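Q: Spelled out from the first residue to the last, the chains are:
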Amino acid sequence: MSGTVIESPRVSLEERPDFSVITQIIEPATRVLDLGCGEGEVLAWLVEHKHVLARGVEISPSLVRKAIARGVSVYQGDIDEGLADYPDGAFDYVILSQTLQETRSPLEVVSEMLRVGRRAIISFPNFGHWNVRWSMLFTGQAPKTKLFPYDWYNSPNIHFLSIQDFENLCEQHGFPIEKRYFLAGSSRIRMLPNLMAQTAVFLLGPKR
Amino acid sequence: MVVETQIAQFDSIALDSGATLMPVEIAYEAYGRLNAENSNGILITHAFTGDAHAAGVSHDGGKPGWWDNMIGPGKAFDTDRYFVICSNVLGGCQGTTGPASVNPATGKPYAMSFPVITIRDMVRLQRMLVLSLGITRLLAVAGGSMGGMQALEWAVSYPEMLLSCIPVATTWRHSAQQIAFNEVGRQSIMADPDWNQGEYYDTKPPARGLAVARMVGHITYMSDESMREKFGRRLREKDKFGFDFGVDFEVESYLRYRGSQFVSRFDANSYLYITKAEDYFDLANGTGALADAFRTVQTRFLVISFTSDWLYPSYQSQEIVRVLRRLNGDVAYCDLPSNYGHDAFLVDVAEQTELVRGFLASTARTVRPA
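Protein chains in written order, with our numbering: chain W, 2 to 209; chain P, 3 to 372.
Hint data in this document are derived by calculation from the structure and do not stem from the laboratory.
None of these values were measured; they are calculated from a predicted model.
Incorrect hints may appear among the rest.
Some chain W residues near chain P, calculated using beta-carbon distances under 8 Å [what the hints assert, rightly or not]:
| hint | residue |
| --- | --- |
| 1 | P62 |
| 2 | R66 |
| 3 | I69 |
| 4 | G72 |
| 5 | S74 |
| 6 | Q77 |
| 7 | P88 |
| 8 | A91 |
Just the calculated beta-carbon pair ranges, DEER-fashion [stated by the list, open to error]:
| hint | chain 1 | residue 1 | chain 2 | residue 2 | range |
| --- | --- | --- | --- | --- | --- |
| 9 | P | E321 | W | S112 | 23 to 31 Å |
| 10 | W | L170 | P | K232 | 50 to 58 Å |
| 11 | W | D152 | P | Y259 | 50 to 58 Å |
| 12 | W | R189 | P | D294 | 23 to 31 Å |
| 13 | W | N155 | P | E321 | 28 to 36 Å |
| 14 | P | D246 | W | A85 | 53 to 61 Å |
| 15 | P | A21 | W | E82 | 42 to 50 Å |
| 16 | P | P106 | W | E82 | 52 to 60 Å |
| 17 | P | S14 | W | E82 | 46 to 54 Å |
| 18 | P | Y317 | W | S112 | 26 to 34 Å |
| 19 | P | Y317 | W | S106 | 21 to 29 Å |
Built from N, CA and C at the ideal position, the CB exists for glycine as well.
Construct the entire structure; sequences and hints are all you get.
A: If you want it as structure tokens, here you go:
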């Protein structure tokens, strides 16, 4: 791989800047499980460019169909229940991209990710972003922003969290954070991430 | 694509029951071309009453194959890329040795002296055919319903001989409900006086019993919703009830038609033997430990079920998938939304095509020289 420029998956890159971070984190020839893998764009890209062994879980049958049509081995099922079937340490990386806030039991999901995977990559939209705070403060209504575009009654998001919330969770439950990436659009944010970042990507290491 | 069924003959086959058949014949069709590396072979395994004629149109009569919408140039099983084989099962009545075949020892049809066979026996004979065609490793074995059972049996019995397995609308063991429906079919045949302990080849077949068995079968292949859509309570060529026991409803007419059609193409004794093979089917051999059966399996799997299939419900496919996941196997699974019940695997081909095409292409990539 050395010397070659690796392009990240073009699909959805603009809407999903975390994809390029995730694909850079993953080492070649590893075992990767993507939870809520959608059409399997990231996995297909990783198979082609990093020769990973790829597996996915996705709940929507139409997305599963498209992912399998891409040649990715995807299982139609629920993230909250589905992880239980995998043996300990079955994967090098377990990805959960922009989905943690949609799971019923986020704490269990993170714990399970670090059981079946040596490392977990978790990205989520930051509920602490200034735009969200602003919207809440001045309208007095459930925030509706570019990051959180849904009305409160039809949002898939059921567990809102900020970057600070996630840091606290990892601290309390002993999930070792190996790397943090904070993004606004596709730019890296280094100052005041909990206020300035729209998206966070965490790489969690083996549980101590 | 005009096709002709061919026959391969082997000296003998040893069966699970302990019996040996000598000789044994197997009817098969093949489509497409085997590549120079012999690496693009795909075996299609048929459902209960299917036959070797899976694709194309038969040279005699121009009948389309039973999975012609899935097999052919540019289709899911693309015969421009793959060499596709389909054979009639052991115990069948469409060219492969079965109870209607002549027993060379007596010069008469075997009838009920035919040994009881299993799904594993069917697969053992298919393996002999595949090897005789020069193929030591198949790209895939694929089939729906009882065809799915054979595909699964292939993966367990001969894991080194297939790269991938596509079991559709099937199970890893026959359930009480599945056995129950089969038993109704068998009892219907055996209650027909014309069955005569299976000795009817010189007289007339148990047509009424076989037709009723088929009628029950057809009910289980549909769904409440598909029957409501297809027939509702519509009357057959009349405006009001006949107040007799002739045909009133469309659904009655349909089932009678299907029943009588079936009698002309299927042997009642084959019905008994093949349903028994299905009922004996249990990949875990009664232990309940499916994981033990799959322990050494390195095959890729594409498992497909259909939401309205109540004969082979989705949970049976999900059990297979869960065990494979526990073993960290390579398994893709989709529960396709459909109203057609068990028949969906023959009818809903657009979604299956998308799945199968992508899965086969990615499997084929793994065998290409780097």
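Q: Hint by hint, where does the structure go against what was stated? Just the numbers, ascending.
A: 12
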